[in-house]
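**Q** For reference, the chains in residue letters:
2 protein chains.
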Amino acid sequence: MQTAATVRAACRTGRHTGPTPGLAAGFVQANLVMLPKDWAFDFLLFCQRNPKPCPLLDVTDAGDPEPKHAAPGADLRTDLPAYRVWKNGELVAEPTDVRDVWRADLVSFLIGCSFTFEAALIERGLPVRHVEQNRNVPMYRTNLPCRPAGRFRGPLVVSMRPMTPAQAVEATRVCDGFPLAHGAPIHFGDPTAIGIPDIHRPDYGEAVDVRAGEVPVFWACGVTPQAALAEARPPFAITHKPGHMFLTELRDHQMKG
Amino acid sequence: MQTAATVRAACRTGRHTGPTPGLAAGFVQANLVMLPKDWAFDFLLFCQRNPKPCPLLDVTDAGDPEPKHAAPGADLRTDLPAYRVWKNGELVAEPTDVRDVWRADLVSFLIGCSFTFEAALIERGLPVRHVEQNRNVPMYRTNLPCRPAGRFRGPLVVSMRPMTPAQAVEATRVCDGFPLAHGAPIHFGDPTAIGIPDIHRPDYGEAVDVRAGEVPVFWACGVTPQAALAEARPPFAITHKPGHMFLTELRDHQMKG
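Each protein sequence line maps, in turn, to chains A and B. Note that this note's numbering has the first sequence beginning at 120, numbered continuously upward. Note that this note's numbering has the second sequence beginning at 120, numbered continuously upward.
Derived from the structure by calculation, the hints contain no laboratory data. All values reported here derive from a predicted model rather than from experimental measurement. Hints should not be assumed to be uniformly reliable.
Pairs involving identical chains hold if they fit within one copy or between any two copies, as the list cannot separate such chains.
The calculated lysine to any residue pairs, modelled on SDA-like cross-linking and capped at a C-alpha distance of 20 Å, are [claimed, not checked]: (1) 187 <-> 263; (2) 206 <-> 293; (3) 171 <-> 206; (4) 375 <-> 295; (5) 156 <-> 183; (6) 156 <-> 248; (7) 171 <-> 373; (8) 206 <-> 192; (9) 187 <-> 128; (10) 375 <-> 181; (11) 171 <-> 375.
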């Protein structure tokens with residue numbers, strides 16, 4: 120059976136470098152942000168003020184690559200399938216290991232992920248199209264502003280799953296029970312109402328089919344911090360590559376808050 | 120009718136300087152911690168790692184005395200009934216206004232309070248003894264350690280309400296629904312099991328009667344940061360005086376997370 124530990128081991132040894140939706144069902148997946156200590160207060164405050172896109176699961180001490188609460192013994196420098204390295208707000212590399220660029224002043228933030236509630240949706244017979252289509256989840260920048268904090272500000276980023284209206288209602292009930300995994304949707308229907316010009320062209324991840332009778336349903340997304348990083352332009356940062364998450368030892372039911 | 124705004128105004132003008140349990144029912148009350156900016160990251164992390172005693176309701180920017188999320192227009196320097204001023208971890212004053220000691224580098228933290236769920240308990244016919252006896256709630260240092268964060272560490276502080284076992288079960292169900300107000304109890308029964316030598320001698324607040332057939336029931340308490348401050352000894356800090364809380368514009372039902 121696939122566990123969080125086996126997925127982390129596969130990432131560490133370079134055997135798994137792809138997206139993680141659907142892997143190690145029942146284990147919580149997390150978004151990663153690593154920032155120098157002198158940027159950490161502003162970012163922690165950004166997460167506190169924007170808990171829907173940025174529900175914090177664990178924050179390390181500066182210089183410690185081990186998330187002692189979320190996955191004791193793991194190493195955040197090697198245990199994700201793919202990373203993004205940022206300099207002055209520009210994406211400069213997408214390596215599968217960041218030991219060579221790691222710095223002793225980095226604080227790591229693990230943020231809840233919508234993949235957590237997808238198992239619960241599937242269990243109830245609700246469609247999760249990108250899992251069905253074996254794609255990365257589609258994600259979009261919106262025109263909804265986050266609450267700023269220090270040097271961080273930026274738009275809410277959302278993930279999207281197409282559903283019928285009745286399914287969207289049921290999904291809302293299910294996801295409301297997972298406040299640490301983005302909770303209930305923030306919008307459904309017309310994408311332009313939240314500033315998304317073309318549902319077929321996501322800003323991150325891959326497009327999925329929206330079928331007759333379905334509407335797009337949008338959830339706050341843990342990629343939101345990457346949009347804020349691009350605006351704040353810290354001199355250095357490391358994140359996960361969208362859709363390529365960290366597998367924690369936390370269990371989905373613990374995300375009920 | 121008494122509102123949060125009328126209580127804050129009474130504090131600001133010095134007409135109210137006493138404890139706040141039972142005041143402005145339905146409005147969320149909050150614990151206050153003010154720290155210099157260079158201590159703010161460690162404290163924010165302490166709250167993130169200890170959400171049961173330290174559920175964050177609002178955090179201000181450095182130098183801003185207005186809690187823009189929790190109570191727009193309020194002034195945290197004047198709108199509490201009583202404060203504690205700390206130097207190097209020692210309590211040096213208990214003024215009713217802190218404008219004269221305010222510093223432009225202070226970050227203010229507002230933390231959820233058990234008074235929030237007391238209205239829900241009373242509504243269900245459950246006893247809240249210190250309200251009945253018109254006293255401040257009894258609070259105790261325990262031998263349960265908080266998760267440390269940077270320079271902050273210390274014991275969990277708890278509040279106590281005596282109940283019959285059946286009432287304690289019902290109170291657990293009610294309070295579990297308020298994760299931003301300390302949630303379900305952390306212990307009931309034998310106080311020595313969590314390091315409290317004498318239930319009649321609280322470390323903060325006032326003792327209340329425990330009647331025949333009742334057991335003490337303990338909840339994580341927002342005074343926990345004050346025990347951590349006493350250990351970390353930051354050069355300067357301001358807190359509320361225990362039991363003398365800040366009245367926010369947030370409503371109790373919003374503390375359901």
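**Q** Each hint should be assessed against the structure and marked as holding or not.
**A** So, going through the hints one by one against the coordinates:
1. In this assembly of identical chains, residue 187 and residue 263 lie within 20 Å of each other by CA distance solely across copies; the values are 19 Å between and 34 Å within a copy.
2. In this homomeric assembly, residue 206 and residue 293 never come within 20 Å of each other (Cα to Cα): the closest approach is 39 Å inside a single copy and 48 Å across copies.
3. Taking identical chains as interchangeable, the C-alpha atoms of residue 171 and residue 206 are never at most 20 Å apart, the minima being 27 Å within one chain and 37 Å between chains.
4. Taking identical chains as interchangeable, the C-alpha atoms of residue 375 and residue 295 lie at most 20 Å apart whether they share a chain (9 Å) or sit on different chains (11 Å).
5. Taking CA atoms no more than 20 Å apart as the test, residue 156 paired with residue 183 passes inside one copy only; the shortest distance there is 11 Å, against 22 Å between copies.
6. For the identical chains of this complex, residue 156 and residue 248 are neighbours neither inside a copy (39 Å) nor across copies (46 Å), given an alpha-carbon limit of 20 Å.
7. Proximity of residue 171 to residue 373 under the C-alpha cut-off of 20 Å is found in both arrangements, the shortest distances being 16 Å within a copy and 14 Å between copies.
8. Proximity of residue 206 and residue 192 under a CA criterion of 20 Å is satisfied in neither setting, with 28 Å inside one chain copy and 38 Å between copies.
9. Taking the shortest alpha-carbon separations for residue 187 and residue 128, only the intra-copy value of 17 Å comes in at or below 20 Å, while the best inter-copy value is 45 Å.
10. With identical chains, the CA atoms of residue 375 and residue 181 are never at most 20 Å apart, being 28 Å at best within one copy and 32 Å at best between copies.
11. Both within a single protomer and between protomers do residue 171 and residue 375 lie at most 20 Å apart by alpha-carbon distance, with minima of 13 Å and 14 Å respectively.
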